[in-house]
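Taken in order, these protein sequences are the chains called A and B. Here the working numbering runs 365 ahead of the position in the first sequence, where the first position is 1. Here the working numbering runs 9 ahead of the position in the second sequence, where the first position is 1.
It should be emphasised that the hints constitute simulated quantities derived from the structure, not laboratory data. Possibly wrong hints are sitting among the right ones.
[What the hints assert, rightly or not] Partial list, derived from the structure: chain A residues whose beta carbon lies under 7 Å from chain B: (1) L368; (2) L378; (3) A386; (4) V395; (5) N404; (6) V411; (7) P418; (8) V422; (9) A433; (10) A439; (11) V441; (12) L446; (13) A461.
[Claimed, not checked] Derived coverage of chain A by chain B (criterion: at least 3 residues anywhere in the stretch with Cβ under 8 Å from a Cβ of chain B; other residues may be distant): (14) 369-376; (15) 450-457.
[To be verified] With a cut-off of at most 30 Å between alpha-carbon atoms, the simulated DSSO-like pairs for lysine-lysine come out as follows: (16) A:K454 / A:K465; (17) A:K454 / B:K174; (18) B:K140 / A:K454.
For clarity, every value in this text was computed on a predicted model and none was experimentally measured. Positions of the beta carbon are idealized from the N, C-alpha and C atoms, including for glycine.
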Amino acid sequence: MTLSAYLALALILFCIGLYGALTKRNTVIVLICIELMLNAVNLNFVAFAKYGPHPGVHGHVFALFVIAVAAAEAAVGLAVLIAFYRNRKTVQVDEANSLKH
Amino acid sequence: MSGTDIAFFLLALAAIAGGVTMLQLTNVVHMVIALVMTFVGIAGLYVLLSAEFVAVVQVLIYSGAITIIMLFAIMLTRHHTDERERQTTGGVWHRAVAAISVIAFGLAVYFGIRQLDFGADGSALSGDNAKAIGKSLYSYYTIPFEIVSVILLVALVGAIVLAKKDGKEAGDE
Chain A
366 MTLSAYLALA LILFCIGLYG ALTKRNTVIV LICIELMLNA VNLNFVAFAK YGPHPGVHGH
426 VFALFVIAVA AAEAAVGLAV LIAFYRNRKT VQVDEANSLK H
Chain B
10 MSGTDIAFFL LALAAIAGGV TMLQLTNVVH MVIALVMTFV GIAGLYVLLS AEFVAVVQVL
70 IYSGAITIIM LFAIMLTRHH TDERERQTTG GVWHRAVAAI SVIAFGLAVY FGIRQLDFGA
130 DGSALSGDNA KAIGKSLYSY YTIPFEIVSV ILLVALVGAI VLAKKDGKEA GDE
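Produce the entire structure from the sequences given, and follow the hints as far as they go.
Next comes the structure, spelled out in structure tokens:
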């Protein structure tokens with residue numbers, strides 16, 4: 366397969382994640398859509414590591430770093446979600462509006 | 010059409026189908042399970058790209074750890090299972106504007122990557138993938154590798170501090 370096929374697939378996954386993060390109402394689903402976007406970026410890293418101008422394992426190392434930071438982000442995001450649920454008894458994004466008015 | 014092409018199309022189909030199914034479903038648990046299909050499909054694509062180590066890490070971290078932590082977060086909070094309640098923010102206009110923006114973004118990027126080809130035949134990465142990554146991590150990327158361990162520690166402590174009960178509430182019980 367060529368490079369552009371992998372890049373197009375990653376673009377489709379990124380667009381799905383972006384649409385979900387913009388429109389979904391449940392905080393858990395918004396977080397998981399962000400994970401999907403990070404996955405699409407990882408796919409780009411690994412595709413460029415094989416088919417890019419300078420093939421090598423550096424792309425793999427960057428993908429591993431992104432996975433580590435994404436795991437940390439998911440843990441902190443879900444902790445914020447638990448704290449928010451304890452205070453407001455809801456997990457909907459549009460009800461988190463205390464700072465809005 | 011070679012076997013690699015067929016494997017690519019099947020895995021790409023699985024990944025996209027998982028994402029689209031996630032957008033369509035209404036039950037939160039089902040959405041997370043649909044995302045597992047996407048994550049496993051991407052892991053298969055990593056194997057096609059001769060990144061076996063990243064594929065194993067993908068299955069461990071995404072299909073395993075992050076899915077489980079999301080399911081725990083869903084079970085610890087209350088979710089309405091009422092089908093009639095709306096699942097999305099805003100109204101039809103909000104969704105339409107979001108969809109048009111995302112499609113425009115996708116088209117703009119697609120015209121940029123459509124003809125992209127660096128002429129690499131993909132034979133540079135063969136065998137001993139984990140060994141090469143280990144050598145790279147402990148020679149070129151030693152400092153970032155150590156900083157990642159600090160980030161994970163900070164995230165661990167921060168998550169515990171955020172999620173534990175406030176002092177006042179804990180004292181009441």
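Hints, verified against the model:
1. L368: It holds, given that the least Cβ distance between L368 of chain A and chain B is near 6 Å, below 7 Å.
2. L378: This hint holds: L378 of chain A lies near chain B, its Cβ roughly 6 Å from the closest one there, short of 7 Å.
3. A386: For A386 of chain A, the interface hint is violated, since the closest Cβ of chain B sits about 9 Å away, which is over 7 Å.
4. V395: Violated. Min distance 9 Å.
5. N404: Check passed: Cβ of N404 of chain A comes within 6 Å of chain B, closer than 7 Å.
6. V411: Since chain B brings a Cβ to about 5 Å from V411 of chain A, closer than 7 Å, the hint holds.
7. P418: At 4 Å from the nearest chain B Cβ, P418 of chain A passes the 7 Å test, so the hint holds.
8. V422: holds (5 Å)
9. A433: Holds - the Cβ of A433 of chain A comes within 7 Å of chain B, reaching about 5 Å at its closest.
10. A439: Given a least distance of 5 Å, the restraint on A439 of chain A holds.
11. V441: holds (5 Å)
12. L446: holds (6 Å)
13. A461: violated (11 Å)
14. 369-376: holds (count 7)
15. 450-457: With 4 residues in contact (Cβ-Cβ under 8 Å with chain B), the coverage given for the stretch 450-457 of chain A holds.
16. A:K454 / A:K465: Within the cut-off at roughly 18 Å; holds.
17. A:K454 / B:K174: Since the Cα atoms of K454 of chain A and K174 of chain B sit roughly 14 Å apart, the hinted pair holds (cutoff 30 Å).
18. B:K140 / A:K454: Violated, because 49 Å separates the two Cα atoms, which is more than 30 Å.
Hints 3, 4, 13, 18 from the earlier list are contradicted by this structure; the remaining hints agree with it.
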